[in-house]
Every structure is written in C-alpha cells, then in structure tokens.
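Peer 1: Now for the letters of each chain:
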Amino acid sequence: MSGAAIEAVSLTRRFGSFTAVDAVTFEVERGEIFGYLGANGAGKSTTIRMLTGLLAPTSGEARVAGHDVARSPESVKSSIGYMSQRFSLYLDLPVMENLLFFGGAYGLSGRALRARAEALLELTGLAEHARDTTGALPGGIRQRLALASALLHAPEIVFLDEPTAGVDPVARRAFWRLIRDLAREGTTVFVTTHYLDEAEYCRRIGLMVDGRLVALDTPAELKRAWVPERVLVARGRDLAGAAGTLAAVPGVRDVSPFGAGLHVLVEAGREAEREVAAALLRGGARDVEVEATEPSLEDVFLAVVGRGAGGEAP
Amino acid sequence: MRERLRRSLVRVGAMAAKETQHVLRDPRTLYMSLGMPVVLLFLFGYGLSFDLDRIPVAVEDRDHTEQSRSLLDALTASGELEAVAGAEAGAAEALFRRGEALAALVVPEGYADDLSNRRGTRVQLLVDGADAVVANQVLSKADALVRAEARRLLGPDLADVAPPIQVRVFTLYNPEGRSAVFMVPGLAVYLLAITAVLLTALTIAGEWERGSMEQLFASPVGRLEIVLGKLLPYLVLGILELQLVVAFGAVAFDLPIRGNGLLLFAFGAMFLVGMLGQGLLVSVVARNQLVATQAGALSALLPSLLLSGMVFPIENMPAVLQALSRVVPARYLVHALRGILLKGNGLDVLWPDLVALVVFAFAVIVLATARFQRRLA
Numbered sequence: 001m002s003g004a005a006i007e008a009v010s011l012t013r014r015f016g017s018f019t020a021v022d023a024v025t026f027e028v029e030r031g032e033i034f035g036y037l038g039a040n041g042a043g044k045s046t047t048i049r050m051l052t053g054l055l056a057p058t059s060g061e062a063r064v065a066g067h068d069v070a071r072s073p074e075s076v077k078s079s080i081g082y083m084s085q086r087f088s089l090y091l092d093l094p095v096m097e098n099l100l101f102f103g104g105a106y107g108l109s110g111r112a113l114r115a116r117a118e119a120l121l122e123l124t125g126l127a128e129h130a131r132d133t134t135g136a137l138p139g140g141i142r143q144r145l146a147l148a149s150a151l152l153h154a155p156e157i158v159f160l161d162e163p164t165a166g167v168d169p170v171a172r173r174a175f176w177r178l179i180r181d182l183a184r185e186g187t188t189v190f191v192t193t194h195y196l197d198e199a200e201y202c203r204r205i206g207l208m209v210d211g212r213l214v215a216l217d218t219p220a221e222l223k224r225a226w227v228p229e230r231v232l233v234a235r236g237r238d239l240a241g242a243a244g245t246l247a248a249v250p251g252v253r254d255v256s257p258f259g260a261g262l263h264v265l266v267e268a269g270r271e272a273e274r275e276v277a278a279a280l281l282r283g284g285a286r287d288v289e290v291e292a293t294e295p296s297l298e299d300v301f302l303a304v305v306g307r308g309a310g311g312e313a314p
Numbered sequence: 001m002r003e004r005l006r007r008s009l010v011r012v013g014a015m016a017a018k019e020t021q022h023v024l025r026d027p028r029t030l031y032m033s034l035g036m037p038v039v040l041l042f043l044f045g046y047g048l049s050f051d052l053d054r055i056p057v058a059v060e061d062r063d064h065t066e067q068s069r070s071l072l073d074a075l076t077a078s079g080e081l082e083a084v085a086g087a088e089a090g091a092a093e094a095l096f097r098r099g100e101a102l103a104a105l106v107v108p109e110g111y112a113d114d115l116s117n118r119r120g121t122r123v124q125l126l127v128d129g130a131d132a133v134v135a136n137q138v139l140s141k142a143d144a145l146v147r148a149e150a151r152r153l154l155g156p157d158l159a160d161v162a163p164p165i166q167v168r169v170f171t172l173y174n175p176e177g178r179s180a181v182f183m184v185p186g187l188a189v190y191l192l193a194i195t196a197v198l199l200t201a202l203t204i205a206g207e208w209e210r211g212s213m214e215q216l217f218a219s220p221v222g223r224l225e226i227v228l229g230k231l232l233p234y235l236v237l238g239i240l241e242l243q244l245v246v247a248f249g250a251v252a253f254d255l256p257i258r259g260n261g262l263l264l265f266a267f268g269a270m271f272l273v274g275m276l277g278q279g280l281l282v283s284v285v286a287r288n289q290l291v292a293t294q295a296g297a298l299s300a301l302l303p304s305l306l307l308s309g310m311v312f313p314i315e316n317m318p319a320v321l322q323a324l325s326r327v328v329p330a331r332y333l334v335h336a337l338r339g340i341l342l343k344g345n346g347l348d349v350l351w352p353d354l355v356a357l358v359v360f361a362f363a364v365i366v367l368a369t370a371r372f373q374r375r376l377a
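In the order they appear, the protein sequences are chains B and Z.
The opening residue of the first sequence carries number 1 in the numbering used here; numbering runs sequentially from there.
The opening residue of the second sequence carries number 1 in the numbering used here; numbering runs sequentially from there.
These are calculated hints, taken from the structure and not from any lab test.
Honestly, I wouldn't trust all of these hints.
[To be verified] Here are some chain Z residues pointing at chain B (derived, C-beta under 7 Å):
#1 V10
#2 R11
#3 Q21
#4 G211
#5 E214
#6 A218
#7 S219
[Said to hold, decoys possible] From the derived model, a few chain B residues whose C-beta atoms are all more than 12 Å from chain Z:
#8 A105
#9 T133
#10 G236
#11 V252
#12 P257
All C-beta atoms in this analysis are idealised placements derived from N, C-alpha and C, irrespective of residue type, glycine included.
The following block holds chain B by itself, in its conformation from the complex (with noise of 0.2 Å):
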C-alpha cells in the first residue's frame, strides 16, 4: 500500500462507443485538497464514480485509501464520504433526521451517532436549524447539510462533486472556509467544479478536457507553464466593439472577455499597454485603462481548451 490517498493509473470509461474517461493517471496525496476541473460532460462525474465504487472501470486499476475500487468497492465506501452532484438530501425530514439517517447508513448508533450528529451541526454552522425542514432551507444550507451528512463517519477521504453548484458567492466562500479546515485536520479532498475562482483554493489541480486529463499541477506552476505570455487587463466603456483591432497590434497573442473587461495575451518581455490603449481608442472604445496583471486560472483553462485536447505543456 503506497502513501497516496487516491491512485489512479490509466484508469478509462466507455460507454459503448463513447470514452467518457480516457486513460486518466494521477495521485492525490494525503490532507490534500485536489480540484478537478473541467467543462460539463468532460468526465469529472464518471471519474469520482469510478473512485467512490459507483462505476466498474472499463480498464485500469484506481486505489482509494488503499483499497482497489473494482475488487473491493464496499471497503472503499466506509472509508470514504460521497456528496453527489444533487445533494441528495430528503427534502421532507427535518435536517437532523437527515443527519441520524446517513449516520445509521455507515453503521453509527445510538449516543455516539447523535453527538456525532451534533458536532457536525456544530461544525457547519447548523446548529439553529437542526428542526428545520430541509426543503425549506435556502441552497446554501442544505450544501453545509450535505457536506455533513458525509462526513459523520470521519471518513479519510471526502469526494465532493460539484458540490457549490447553484449556491450564491458568499455561501461558496463558507463553504469553502469550511473545506480548508478539513484538510488542515489531516481529510484529503478531492472536489470537482466549474467555477475556477475556487480552483485557487485548491492544492493541485487536474484539468479535464474530452475525458483527457490535460494538465494537472498547483495553480502557480499551470499558470507559469501554460500563460508564458504577459496578460494586459484592458477596462472602459464599448470594449467589445473595438477588441477586433487588436489583431493588428504587433505582439498581441489572443484577446478574451474577462468579467466586464478584456484579457489580452501579449508576447513575453514586450511592453504593449500603450499600443493596446491607442488601437482600442481607435476603434471606437472610451475611458481606457490597460495594465499588466496577473494570469488567472481562467485564462490557463483557456490557453489548455485553446491548443486543443491534443495539446502538452509547452
């Protein structure tokens, strides 16, 4: 048995003539928090299937928390603790019964389970909703539920798909507050998501694109890797009409919208701003401000998604 919480190795789902995973091999180390990013229908759902038993592999071999996923599922299912991508809560119970259930379904009872079930209420900040009927909890809440419902079994592992799906930014934050304390106390996390603003709080990062694991890395080194280019944040007023001028500015790589902006790649070691500013004046846009930032996640995902599945880290 090898340290590693999580050890994929060519691990590969077909569903009939459609390769959902393809020959994905990583590892995920212990305590750490692991992000799984990638487009809708990219394969992160097939791949956290086949790590929590779900789902046979069609080939390949994964071990999570030791144990073989396709030789022996249900070990890995009491070690580890599952939210799925709808959190499957029962809407009609009130929040504790919820609680008391899942807790009864991994074998806890009795006191030890309700003071389980208290902690966690404790933990996740619930503790005022515990009579509470589910369904009439906002989102938010009932994702804090549901991260707890998995985890009153102190399961070493935690795989959480999409879990902030339809949840406003401030209980994302929360939620995400909540996730780094757990890996600080030792629980490996591994999440899947599309919102890559939070991909930042992950550890490591493995890029999906067509069930290929493209780049898999910490936030810093993808961006190193794969933005070698200087990113130009270019703001002010009719942007979107003038972004086609760009083309012609020497240097210029790619231009992309970024929030109410543009993102705009330019060769490494060229200063642009100016030459930006003046074509972007000229074709039209007003109050210009060009300066030089940081690349975001955001724009390695773009730059993977841009060279196409096929592509390597330059």
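Since the structure of chain B is already known, use the hints to place chain Z on it.
Peer 2: Frame of chain B; chain Z shown alone:
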C-alpha cells in the same frame, strides 16, 4: 462476525426509521393505506352487491281470475321481484330492450280452469339473459316461488304426498347469501395489494428520481438492507390496514370472525411480504414513479381483482386463466381469509395456501434483490 451483523442491523434500522418518517410526514401515504380502504370497503360493500332486490318483472295476466292474481301476489310479495304495471301481450321483448324489465311472466288464459279441473297448467317466464348473474337469480327465485304456490294449491291432503326425490338445501357459513360477507375478505386482499405494491413501488422509484439512490449506493448500505429497511414500515402499515378492514367489515357488514385472529394476521403478513417484494421488483426495474405506478397496477391490482376469486369464481374460468391464477398470491389469501373468517378453518385445512404465499414471497424478494444493481449504469 457479530460486529458485522450488528452494523447491518443498524443500517436496516436506519432505513426503516427514515422510511417511517417519510410515511408519517406524507398525508397521501397515510390516506392511501388507512383512509382509502375504509372508503372503498364502504363503496364496494354496499355497491357491489349480488343480492336480489326489487327486480322489475313485467306481468301479463291473460286469465284475470282470483287464482291468477294469487300467483302474481305470491311472486311479488317478498319484494325481491316487483311487478311493472301496464305490460301487454308480446311486449316483453320491447321492455327488455328498453331495460324497463328484466323478466316477464305470462299467465295464460284458462289458468284457473286448468287448475280447478286438476289438469295441470303452464305459466311462461321470459328472462333477459344479457346479465347472466341477474338472470340466474331471477330464474331460481321465480322457480322457488311458483313451486311454493303449486304446493299450496295441492291442498293440505296432497301436499303431504311426498315426491319421490326431495332436495333440501341448507346454506352453511353465509345462510342469507349476503354479498358483503362474501366480498369483504376479497376486498381486504385487494386493498392490501394496493398498499403493498403501489406504496413500495413509489418509494424506491422515488429514491432513483430524487438522486438519493446514488448517495445510498455510495454508502455501505447493502441491497438486502435497503430492501428490508423499505419493507418493514410498510409491513406494519399493511397489518394495521388489515386489522382496520376486518374490524370495519365486522362492524358495518356483520362479517363473522370464526377462526383464529392470529392465523389471519400470519396469512396477511406473508401475503404482504410477497406483494411488497413485487412492488420492489417493479420499482427496481422501472426507476421512475410514473412507470412504477402503471406497472404496479397492471402486475398486481388487475390480477388481484380478476384472478383471485374475489369476484369471479376461479372454478368457472377457462383452463388457461385457472393456471395463471396459481401465480397470483391474492388467490391464496382470498381462499384463506374466507376459510378463517367464515368457516373457522385452521392450518390443517389452509396450509397449502400458506405454503404458496411463502414460496411467492421468497421468490419475488430473491428476484428483486438480484435485479437490484447496486452500481450505476
């Protein structure tokens, strides 16, 4: 080993407790299992009656004598047959077609003459055969009444001269021939089938639809544990329902309870396990509530209604349907309930029914558990 068993029981208990919470919080489930049976029992018990009452009979008296009037009075005195006024010669067919009469009695001219000359006479009874059940009953009723009238006419001296063959009929167990006594045990079975199959079919299909099945599969809860945990609360509910239906039948329809009450519930419980298993099987295969409801109704309710002997006697069915009825568990419970309630039968008579129910329950649960794939896709 003991620790594993303990954990398994904890998981079954958690499933059962959760399911109980669902039931207690859902008024529809409670109504379906405890309210609807009473309503249906009431409707069926009073509405689905084969008892003769005020059957309209067209009478045509061509004799117009004291004797002919006396015959007609004898026929209609009990109120089971009722004379329709204003019938004319040969009008019977038209009356049948319009549904104004179900039978017609023609007393021929010279009826009284024939009688007084001791020549023997004939009266004609026409019956609308479109409804075979009513036709049969009218026939036997009218026959009995005319026979009684004939015996009266023979006078005290001749009435004592016994005919060579005499049949004396005694109806045991339901002497008044009341439909309710015959129907309530069958209804109880039908209602149990509804609760068992529909409710369980809905609950598992619901877990698929909600997405919580995936969460369950990701936990160590096993297939049999899910099946048992789902089954237990509905078993309790079903037994409550059986008690309610039998008690209601006893109070509202004077349903006798001659046999052993415990035996009754043993049979009921075994039947429920089988039907709950069938509901599980349906929802394991269907995976969505709409299909599960349809399939549950088709696979359980119709056979329980049509092939159980609840309404239509199995003995009268074509051989194919008789054979088919052997795999309908309701058939065995209907037989057993009638035996226990009306005849006071014990296991010495009813054991084959219990064996059949146990075999069905075991087979269907094994099948449901086997079909229940704990992996996705």
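Peer 1: Would you settle whether the hint for Z:A218 is holds or violated, based on the nearest Cβ-Cβ distance to chain B being less than 7 Å?
Peer 2: holds, 4 Å
Peer 1: Let's test the interface hint: is any C-beta of chain B closer than 7 Å to that of Z:S219?
Peer 2: Holds: closest Cβ of chain B sits about 4 Å from Z:S219, inside 7 Å.
Peer 1: Hey, does B:A105 actually stay past 12 Å from chain Z on C-beta?
Peer 2: Given a closest Cβ separation of 4 Å, the condition is violated.
Peer 1: Minimum C-beta separation from B:G236 to chain Z exceeding 12 Å: can you confirm that?
Peer 2: Given that every Cβ of chain Z is farther than 12 Å from that of B:G236, nearest at about 45 Å, it holds.
Peer 1: Grab the minimum beta-carbon distance between B:P257 and chain Z and tell me whether it stays above 12 Å.
Peer 2: At roughly 34 Å from the nearest Cβ of chain Z, B:P257 sits farther out than 12 Å, so the non-interface label holds.
Peer 1: Any Cβ of chain Z at or closer than 12 Å to B:V252, or is the non-interface label fine?
Peer 2: For B:V252, whose nearest Cβ neighbour in chain Z is about 46 Å away, the distance exceeds 12 Å, so it holds.
Peer 1: Against chain B, with CB atoms and a cut of 7 Å, does the hint on Z:E214 hold up?
Peer 2: holds, 5 Å
Peer 1: For the hint on Z:Q21, does the least C-beta distance to chain B fall short of 7 Å?
Peer 2: holds, 5 Å
Peer 1: Grab the minimum C-beta distance from Z:G211 to chain B and call the hint holds if it beats 7 Å, violated otherwise.
Peer 2: holds, 4 Å
Peer 1: Under 7 Å is the threshold here; is the Cβ of Z:V10 close enough to any Cβ of chain B for the hint to stand?
Peer 2: At 5 Å from the nearest chain B Cβ, Z:V10 passes the 7 Å test, so the hint holds.
Peer 1: Mind checking the CB of Z:R11 against every CB in chain B and telling me if the closest is under 7 Å?
Peer 2: The hint holds - Z:R11 has a Cβ within 7 Å of chain B, the shortest such distance being about 6 Å.
Peer 1: Verify that the Cβ of B:T133 lies farther than 12 Å from every Cβ atom of chain Z, and report whether the claim holds or is violated.
Peer 2: violated, 8 Å
This entry does not satisfy hints 8 and 9, going by the numbered hints stated previously.
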